[in-house]
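Chains A, B, C and D supply the protein sequences, listed in that same order.
Each position in the first sequence, counted from 1, maps to that position plus 875 in our numbering.
Each position in the second sequence, counted from 1, maps to that position plus 875 in our numbering.
Each position in the third sequence, counted from 1, maps to that position plus 875 in our numbering.
Each position in the fourth sequence, counted from 1, maps to that position plus 875 in our numbering.
Hint data in this document are derived by calculation from the structure and do not stem from the laboratory.
Be careful, since some hints might not be right.
In this list, chains with the same sequence are indistinguishable; a pair is considered to hold if it fits within one copy or across any two.
In the DSS-like style, the derived pairs of lysine-lysine whose C-alpha atoms are separated by at most 27 Å in a straight line are [as the list claims (entries may be wrong)]:
| hint | residue 1 | residue 2 |
| --- | --- | --- |
| 1 | 949 | 1099 |
| 2 | 1180 | 949 |
| 3 | 1146 | 949 |
| 4 | 1095 | 949 |
| 5 | 1188 | 993 |
| 6 | 1094 | 949 |
| 7 | 1150 | 920 |
| 8 | 920 | 890 |
| 9 | 993 | 890 |
| 10 | 1150 | 1188 |
| 11 | 1180 | 1094 |
| 12 | 949 | 890 |
| 13 | 1152 | 920 |
| 14 | 1173 | 1059 |
Since the structure is predicted, the reported quantities are computational estimates derived from the model, not experimental observations.
Number of protein chains: 4
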Amino acid sequence: MLSFENDYSEGAHEKVLQLLMETNMVQESGYGSDSYTQQAIEKIKERLDCPEAEIKFLVGGTQTNQIVITTLLKNYEGVLAADTGHVSTHEAGAIEAGGHKVLTLPHTLGKIDASQVKDYLETYYADPVYQHMVAPGMVYISQPTEYGTLYSLEELTALSAVCREYEIPLYMDGARLGYGLMSKENDVALVDIAQLCDVFYIGATKIGALCGEALVFTKKNMPKHFLSSIKQHGGLLAKGRLLGVQFLALFSDNLYFDISQNAIDMAELLKTGFKEKGYKTLIDSPTNQQFFIIDNAKLEELSEKVKFSFWEKYDDQHSVVRFATSWATTEEAVAELLEMI
Amino acid sequence: MLSFENDYSEGAHEKVLQLLMETNMVQESGYGSDSYTQQAIEKIKERLDCPEAEIKFLVGGTQTNQIVITTLLKNYEGVLAADTGHVSTHEAGAIEAGGHKVLTLPHTLGKIDASQVKDYLETYYADPVYQHMVAPGMVYISQPTEYGTLYSLEELTALSAVCREYEIPLYMDGARLGYGLMSKENDVALVDIAQLCDVFYIGATKIGALCGEALVFTKKNMPKHFLSSIKQHGGLLAKGRLLGVQFLALFSDNLYFDISQNAIDMAELLKTGFKEKGYKTLIDSPTNQQFFIIDNAKLEELSEKVKFSFWEKYDDQHSVVRFATSWATTEEAVAELLEMI
Amino acid sequence: MLSFENDYSEGAHEKVLQLLMETNMVQESGYGSDSYTQQAIEKIKERLDCPEAEIKFLVGGTQTNQIVITTLLKNYEGVLAADTGHVSTHEAGAIEAGGHKVLTLPHTLGKIDASQVKDYLETYYADPVYQHMVAPGMVYISQPTEYGTLYSLEELTALSAVCREYEIPLYMDGARLGYGLMSKENDVALVDIAQLCDVFYIGATKIGALCGEALVFTKKNMPKHFLSSIKQHGGLLAKGRLLGVQFLALFSDNLYFDISQNAIDMAELLKTGFKEKGYKTLIDSPTNQQFFIIDNAKLEELSEKVKFSFWEKYDDQHSVVRFATSWATTEEAVAELLEMI
Amino acid sequence: MLSFENDYSEGAHEKVLQLLMETNMVQESGYGSDSYTQQAIEKIKERLDCPEAEIKFLVGGTQTNQIVITTLLKNYEGVLAADTGHVSTHEAGAIEAGGHKVLTLPHTLGKIDASQVKDYLETYYADPVYQHMVAPGMVYISQPTEYGTLYSLEELTALSAVCREYEIPLYMDGARLGYGLMSKENDVALVDIAQLCDVFYIGATKIGALCGEALVFTKKNMPKHFLSSIKQHGGLLAKGRLLGVQFLALFSDNLYFDISQNAIDMAELLKTGFKEKGYKTLIDSPTNQQFFIIDNAKLEELSEKVKFSFWEKYDDQHSVVRFATSWATTEEAVAELLEMI
């Protein structure tokens, strides 16, 4: 059965697998000290135009969020995030399990803005009993957001400025960063992110890899003994090469960006097709996640032929559902889907 | 340069990679709900002759230990382990980060025995202020141990009996389980482990996989919402298939056992060769880790031609070093090494 | 300067101090195994008409909340609470530091209702990826609430029924329970609480003691090794008698209830006085916390003569402030205050 | 029945209770912002001759240890302590519950020395995989130790020097500090401790107070938002005055030191008496805890007339038991005890 359920339904891009094959029997040291990891790091640093960047490869997004937030926050601090942020909702309490509160701000299409953050910080420090409350110690955003939307360069610059003013780090969850970078509406380049964020990650689990996220500290701010922290959180692979090789493939010959472009192209095709057939979007998402309002009867019929994600109830007759394209989506699959609707 | 540094220097066995290739573009659901994971679980259950076994695949050993120990222990409990146990020494505090003390017992060649455990439990409960101390709530052993040694069936049966008497789970860390199972000296079968342990894992990161451990709850004792606990600890792969496919390959056609046998055969060859040249062992290890006492001058010379692990100082002139064979070790490599010494 | 800042501005009721004096040099065992603690427990159990109640005395409210929530929840669970609940806002992240998320529900005058709880539970379990979210594992309410309001017997019964249906405990924070019990509007007796809640505490820090809360498990549901959990959280007093003696005094001769009555009487006097002078209340609180809307200029003047708590901004000219009466408030003090306004 | 079971069998010194009475109805602000707390802090700072000292009052020793260790350590660090240290053995896992490993060193009569600490640090950093192990991030000692012994000025100076060399804090648990300070054998003054330790506490629960420890940061090194950390650990008393008043009494007119002297005098009397009757000591303790080797038959007889603590088995016929004197012990009580033996 055809699936637009998510952007991790297939394995890895063939060039990624191929490099895994080619390098497979070379003996390398463990825990990320292998030569492929080093090469991949260099390629990414070049791409970021950020020589002082410190990079570690981790297996997944929740793990990365947990390690970053737990190691950067002081014990009395929490992380500010949109109430729709992945850390707020879908990580089974990983942040709290690490001892920290997620301090939620109401989202607008998945985003928070600089003034909300500033207000929160000001209100906190103005409160005579502020020490009875959790201190806001970091800002978490996702690019693209859980709603597929994007921060503009202006918005990101403003968020960065507030964080610098209050000396708290700005952290960007880039689980789908490639899909954001290649969106037509995007005006935030990788180099901007390296400038404006204190820490962020470039997601590959959803973009061409079997698993893997590249975590980047941009300001020589990687915590001391960070390898210990990764190990302590169960995130240190014995065969670190698994991640290094994959990122080496993805950051050679523009692969990461080219395959991200495919997801965007397929999403545009899909959106146009749905709109032509009269379907309405919940949000006019510029990235690879597309949200349509569909009649429930139609949905049931559709669900026998294609997989997608239920998002939320719209009204008694309609639901919002998500169709996700990816690096692996083909024109044929989109055409097949458009036939069905 | 030749390496006997550890048993995770190469990638994966070619049949594992091949199955990853073959299944790569099939669309599957995420988080371990894919069909390969299901097939792999069935194959393992058969092999264990334990239809009620509940199995989850996790990425690495520290992660597995942390998740098992944190979810099975009550907050006031700690885990009993040899002072040389991996959880006691080399996990960067992962168990304590999860809130639990490792209660160490003095080891004998990496092992603890039933009487030590019984004594600890009796002494604890006999203390009038036992509630001021951490309650022993689980026993952790590794098979083979960190010294390459093995629990016999008699020893394991006795440990199991004490645990049942005090109603605490017996947990076996099987990071190198295959190498233990195929050792000539071994008399503990997989089915025995499934009978005697409450929970254990079959390690594959060190035996043929890119990454992956198969965690087995043997008595319908997998904690509720265990998927949440995995997620909360950053251990839930979006592409759970990565683990499922690898275990499917390893548990088809006896692969896991055959390649484990190779490591044992190579270790025997290596040990015989060293002994013939007059080297002494620290421990007469029956598995894939071999520990030799070597003159420091010789070691320095050797270290330019081959990688190995420093284990500990023996005396002022000698060190103990470890040579590890693996599923990937060839006769040629062993011969080359024996030439050097 | 006169203070209505809170209900913990003075030391202890004189009868409490007196019993501390009288018993001071009697030698007793530590950690709550003293005879006064035992006597106090018996007196409270009688009052609750709940022979199976298990009672421990703890030092303060945040400590009590943290210990209860951490020991009763499984690691994958969070606690449902009003967004205005003390655990949600003013405990500096104590619940999260214990590893658990506070799952907030929008409050109505500080309260949540059974249908909100039921909806949350149903929605959670209906979600196909519910295991990616924190499981609701307990309901936390405060009586009176942080807004001084009270749950009626009907409301409490309904909450209790939902909790029983989903088999999660209902926990009542009774930091000011005496002031709730003696309110004219109250229809919930201590015996009802013992029936309807699974665990609750009777607060004394704010009602006559130097410090101390009596934590009650009502259904033989005190977790095993609970003394260890108290110790582990730094809550076990060497001189447990300090708490035992105070509760013995408070639960002899109806003292706890009589002095609670005083706070209520003084609050009524105060409210009537304010209203007669034309002040409006934010909430018509039936307990010892009274919230008035006051002109900012007037407030500044007032703040030089009397202490009170700023609550929140009302509009550009007005603020909401809280005046709290207590077991120690005198008619003279209220009269003096009413003179000032 | 007479008790030498411990040094917390009675309530508080009468002057402490008296000041609680006298100040009882004065209205003060909460959470340690009261005037008595301020006065007590000033008195202690004077006594320490350490104007930059930062002082907080906490309720008990385990709580203090947990808060200090959790806030000063980084997440990847553990605390070095004697294997007999209170944090290692009798705090029900409070340190591990805070996420940190206790790294034990073998004790000599309850003490560790500078060379052990230096060795541990050197060995740790020399290990090629040191980041897989818990980093030693603090040294914990107790003065007097759990065996009643004392660090000399020379020993303390050496420990301090190692800690400074490796830039890790030296923390002294002074649960019985007064009893150490007044010992005839002691050559470490309070001012030395303020110089040599980075953080320590002056215990009062066991020396004249109902409860209370004075935590001192000596180098302007109190962590930011420390009040939040106290609150988060359930250690912030609403009526902080309870602790402030008690320390104010104890540090007025030399009271803390005078009553500590009493315990030492009584311990000397007791020890001399035992020795005269032919009893042997396990350790020749110079402080208020005395450890005697006693025939088991005699012990059983004795246990019907006086309370003491079982310490450990000596041989099949003998046990080691502890008799503790305190601020409250009278010459009559000692005489009565000596009659019995």
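Measure nothing new, just compare the shortest in-copy and cross-copy C-alpha distances for residue 949 and residue 1099 to 27 Å and report within, between, both or neither.
Answer is both: 14 Å inside a copy and 9 Å across each meet the 27 Å cutoff.
Pop the pair residue 1146 and residue 949 into one bin, within, between, both or neither, using alpha-carbon distances up to 27 Å.
Neither: 44 Å inside a copy, 43 Å across copies.
Residue 1150 and residue 920: within-copy, between-copy, both or neither at 27 Å Cα:
The answer is neither: 40 Å in one copy and 49 Å across copies each exceed 27 Å.
Quick one: residue 1094 to residue 949, C-alpha cut-off 27 Å, is that within a copy, between copies, both, or neither?
Answer is both; intra-copy 18 Å and inter-copy 20 Å each pass.
How would you classify residue 1095 and residue 949 at a CA-CA limit of 27 Å: within, between, both, or neither?
Classified as both: same-chain Cα gap 18 Å, cross-chain 18 Å, threshold 27 Å.
One pair to classify: residue 1173 and residue 1059, alpha carbons no more than 27 Å apart. Within, between, both, or neither?
neither (31 Å within a copy, 57 Å between copies)
Regarding residue 1150 and residue 1188, is the shortest C-alpha distance of 27 Å or less found within a copy, between copies, in both, or in neither?
within (20 Å within a copy, 47 Å between copies)
Evaluate residue 1180 and residue 1094 at a C-alpha cut-off of 27 Å and name the case that applies: within, between, both or neither.
neither (49 Å within a copy, 39 Å between copies)
Is it within, between, both, or neither for residue 993 and residue 890, if the alpha carbons may be no more than 27 Å apart?
neither (45 Å within a copy, 50 Å between copies)
Taking 27 Å as the upper bound on the Cα-Cα distance, should residue 920 and residue 890 be classified as within, between, both, or neither?
This pair counts as within: shortest intra-copy Cα distance 21 Å, inter-copy 35 Å.
One pair to classify: residue 1152 and residue 920, alpha carbons no more than 27 Å apart. Within, between, both, or neither?
neither (44 Å within a copy, 49 Å between copies)
For residue 1180 vs residue 949, is the C-alpha pair at or below 27 Å within one copy, between two copies, both, or neither?
Neither: 49 Å inside a chain and 39 Å across chains, both beyond 27 Å.
Comparing the model with each earlier hint shows violations of hints 2, 3, 7, 9, 11, 12, 13 and 14; every other hint is respected.
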